[in-house]
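We have chain A; now place chain B onto it with these hints.
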Amino acid sequence: MIGSRLSSQLVAWFLTIALVPVALVAFMTYRVAESTIQREVSQNLESLANRHAERIALYFRDRDRDVLYLARTPEIVNALERGAGDTALSDSTLSFMNAFDYREAVVVSRAGIAVYAAGGATTSGENLRSAEFAETELARTVDRAARTLEVELSDYRIDSRTGVPSLFIAAPVLREGRLLGVVALKMDYRDTLRVVSDSAGLGNSGETIVAIRDGSDALIVSPLRDNPEAAFKTRVSIQDHPDAPLVEAVQGRRDAGFRDDFRGVPVFAVWRYLPSVRWGIVVKIDRDEVLGTVSRLRMLSITTAIVTAGIVCAIALLLARSITDPISQLSVAAHRIADGDLEGDIPISGKTEIADLGRSFRSMAVRLNETIGDLRRTSVERERAAREALDYAQECQLAEARLEEYSHTLEQKVAERTAEIRERNRDLETAMGQVKQAQDKLILQEKMASLGQLTAGIAHEIKNPLNFVTNLSTLSRDIAEELRELLKAHAAGLPPDFLPEAEVLIDDIEESMEKINEHGKRADSIVRNMLLHSRGRAGEWTKVDLNAMLREYVNLAFHGIRARDKTFNLKMEYELEENLGPIEAIPQDLSRVILNIAANACYALNNCRHLRPGGWMPTMRIRSRSDGNRVEFRIRDNGTGIASSDIDKIFQPFYTTKPPGEGTGLGLSISYEIIVTKHGGEMLVFSEEGIFCEFVMILPRNSPQARKNSKEAT
Amino acid sequence: MTLRDPPRKATRQPMKPRASHPSALSRRCLSIVAAMALFAALVSCEGGNSIAGKDPIKVGVLHSLTGTMAISEVAVKDATLLAIEEINAAGGVLGRPIEPIVVDGKSDWGVFASEAERLITAEKVSVVFGCWTSASRKTVKPVFEKHDHLLFYPVQYEGLEQSPNIVYTGAAPNQQIIPAVSWAFENIGTKFFLVGSDYVFPRTANAIIRDVVVARGGEVVGEEYVLLGDSTVQPAVDAIIASKPDVILNTINGDSNVAFYKALRQAGVTPAETPTISFSIAEPELKSLDVAAMVGDYAAWNYFMSMEGAANKAFIKKYQDRFGAGSLTSDPMEAAYFGVHLWAQAVESAKSANPLSVRAAIGDQTYDAPEGLVYIDAETQHTWKAARIGRIREDAQFDIVWETDKPVRPVPFPQTRTREDWAAFLDGLQAGWGGQWANPGRTAEAP
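Protein chains in written order, with the numbering used here: chain A, 1 to 714; chain B, 1 to 447.
The shape of chain A in the complex, shown without the other chains (with noise of 0.2 Å):
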């Protein structure tokens, strides 16, 4: 589980770290591939299509230099001078046509007649007004020429006298000035064509296709790569195929670009206009050839970033493991440390910040042995103090689990983490001196004991003269009475303002005697109070009056603060339940508690009265109820309160706010410790700082014991 989550965030960060940079640049290299070898073969197929375009207007040049020369030469002059009927032309012109490669010759005088006729479907004698010759390109190139005394060119289609392809070229015969006819050529249209059919450099599905616009229709007249018949056969609905290159380019726009060609196949084309014959140029190379090449590209890319895939997920794999394994190690180590083995050897391999962990895992465990084993030689108090040890190596289990957890997650932090288990390490080690210093404060507390029975031998001592004191101060005021009545016997023979005097002075011998009577209990009580304290804890287990103990402890309490400051007053309501009944409980152990927290409270009042305004009164509240077999006291003042980040602390031995030598921060561990483990009770404490602090005792009305007995008996 845990080698597997992290083996996986592993691969998952190695697959990224690797494969996006990979897939970056792939994708980059395959685009600019793609735009690179787009733009050549589209500057490829512009240069062939303007080649193809430049080499057919050289081409018809050529004729119309040919048509011009031919217009010039005498021989057509003279004929059309000497009129029709004469059609012996030498045999110069005749060569000079088939030299040319034409396959026709016509020449026409100005009413129309064909004086010459060479070659083709035209005889001479014919007219070309006449019907025969109506919407011939043969007639309309003828008339054309005559009209704008220029060389025009046919276009390019079938002649419906021959049922062949034609392409006419025409020139006006001139002489002096005037206008005596028309010589027409018939151009071989194969080798227009083949002008245009070179297809090197076109790869292996590029063409060159011409067109011409027939009516709704584009026209093939060029034969098909695939289809050397397809001349005039193929034809192009314009509305239905607006965008193919072959209906662009016959309706006159030229452009390059990727559009479907009339088969609906995709292709890349170029394709130009020709004015004179009215053709369309169409150079085109079947799109999946243009894009073989990157196809192919992004292919080896794919392949590419599938095996960088592979070898990164085995990497990461290995690597992982070789994390996680030792990992996962310490963690079933400290998992039996946490179930208390100490004993047990952490496995630690190779020189990692792992290593490390498990070194520093090592020695706490061996720290940790070492501190259980001498706690456990160690008194109850070094027992609690070991209990205080464990806690803190509870506390270090929990940080630990904490480490095993970010450990789970965040290999590459490990060295930090592992600082942090230093860290409490020495935090364990500050922890064990608080230990030490706790000894220290027992051994202090244990010369208090002994102070205390010191205290308890001079208390009885001073006892016994108290007991004289009380009992003679009782019996001194017995015999002022006993004065008085004597002298009231006698009062006859004495003087007459004697006896009132006398009286006076009875009376103030009496009061003193009161006096030192009450003043002389009160310091009974005080020394049997001290006698009660420091007897120790082997306290036995009687009826208690819960009432009359609160009334007598905090009433010590306030004084025991009073001695000190005399000008410290309080107001102190009682809200005691009348019919409360006797408890069980151990006397000594009780009052200690009721003057501990009464002396906190005053102490807190006290404290209180210098930093709060005139009209705050010094309040404690001390209450008393039952709850059928529980009975529950409170404590309350409003003095300073107890601050929310210290109210964990307060039962923890030693801990003290009070300034150094006022407190010695075991009052109320002891006081819960007697309520708690001793009665079996609860210890409560609530307070808002600066507000109040109330504590709630709760406890059982019957001893242990008492309610064993009563659980044996039901």
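Read the hints as simulated data drawn from the structure, not as lab findings. Treat the hints with care, since some could be wrong.
Take a look, some chain B residues computed to stay more than 12 Å from chain A by CB distance [as the list claims (entries may be wrong)]:
1) A70
2) E273
3) D377
4) I400
5) A431
6) Q436
Cβ pair distances, simulated, as ranges [unchecked claim]:
7) B/E348 with A/L319: 49 to 59 Å
8) A/A111 with B/E394: 29 to 39 Å
9) B/K351 with A/G201: 35 to 45 Å
10) A/G201 with B/G296: 34 to 44 Å
11) B/E348 with A/V164: 38 to 48 Å
12) A/T303 with B/A360: 37 to 47 Å
13) B/K351 with A/R51: 51 to 61 Å
14) B/G441 with A/G119: 52 to 62 Å
The beta-carbon is built from N, C-alpha and C at its ideal position, and this holds for glycine as well.
Okay, now just chain B, sitting in the frame of chain A:
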């Protein structure tokens, strides 16, 4: 930060929340990959393009907005601006807007030359669309050649010129004058009377007409000239009455036509008896003439407003939407309009508005113009177009009575004479007018 807590950013990724999503970690990985992909996309993206705020391409529009030629040229200027607005509305050229700088040539050739100079040197325009009369074109031609700049000239003309710095979108002689004469021969008669304004176009056109008439075996029975903007037409009308021609070929430009036709009709010459074929009267000019008296006369152009075809209908609609219902369109306007579009196409294919780059790219450009497909001949920088003859109707429109069956290749130098002969002819004209391209009015008669 621990690995198990995905950054909050990841949750903002637009991913489909799925119940059985692999794990927080893989989501994080995905978000990183997504971020990288986004970065890559941003890097490869070139950003949006709006022409607003982009550096505009300046173009000059140089026409007479005042003076005798304003009647014809203002509308040509409007057609030019219409094309520019259309291109700008469609995103401009090279993603930049076109900024037209309209300049008034004031029907004064000297002003044309100085304004052309200013447009090129001070305004630094990329091209100038302009001129109507050949006199203005001839005057600005040296300016464009000196700066190796570019002028788009939209009006049919007399030919005999092939400047590398001018793109001619109007007709060459073999696309208007010569076929018109041939047509007249075949359809009207053989006796021609030539009348024109006294400047380079009519003089040269008539020289060519004479050649054609001679070639055809016809007869020029008279030739008369009127000074540009002048209304002294009676001598010409008198000569027509005296010579009794079959057809009058009219190359009078501008306001003089009003006086000429008025005098002609007053003299009793009617279209039925002696039709006139005009080379410089289009639909807008007809408006200022007495159309009723001209019904049956002819004009030779490459474009008529009455032409069928979607491209022309769209052009007329856009023009009328822009400049008012009832606005008329004409051949020079149409040639100016598609000239701008051809220029824009050339800029796009040259990927630069630099005049030299545009010139290199203008050859072989085609455009589906209102008159049909036009094509710039790379060799001559003239335009392939069909020749047409229209007969004037009562509604001041033309019925097309004849047209060539396919666009005619432009040949600026008619074959009837050699180039040297034509050059000598032009030199003679210019010399006769004291170095100018129009009769300044003092010289009595040119050769």
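Practice problem: Enumerate the violated hints, using their earlier numbering and listing them in ascending order. | Solution: 3, 9, 10 and 13
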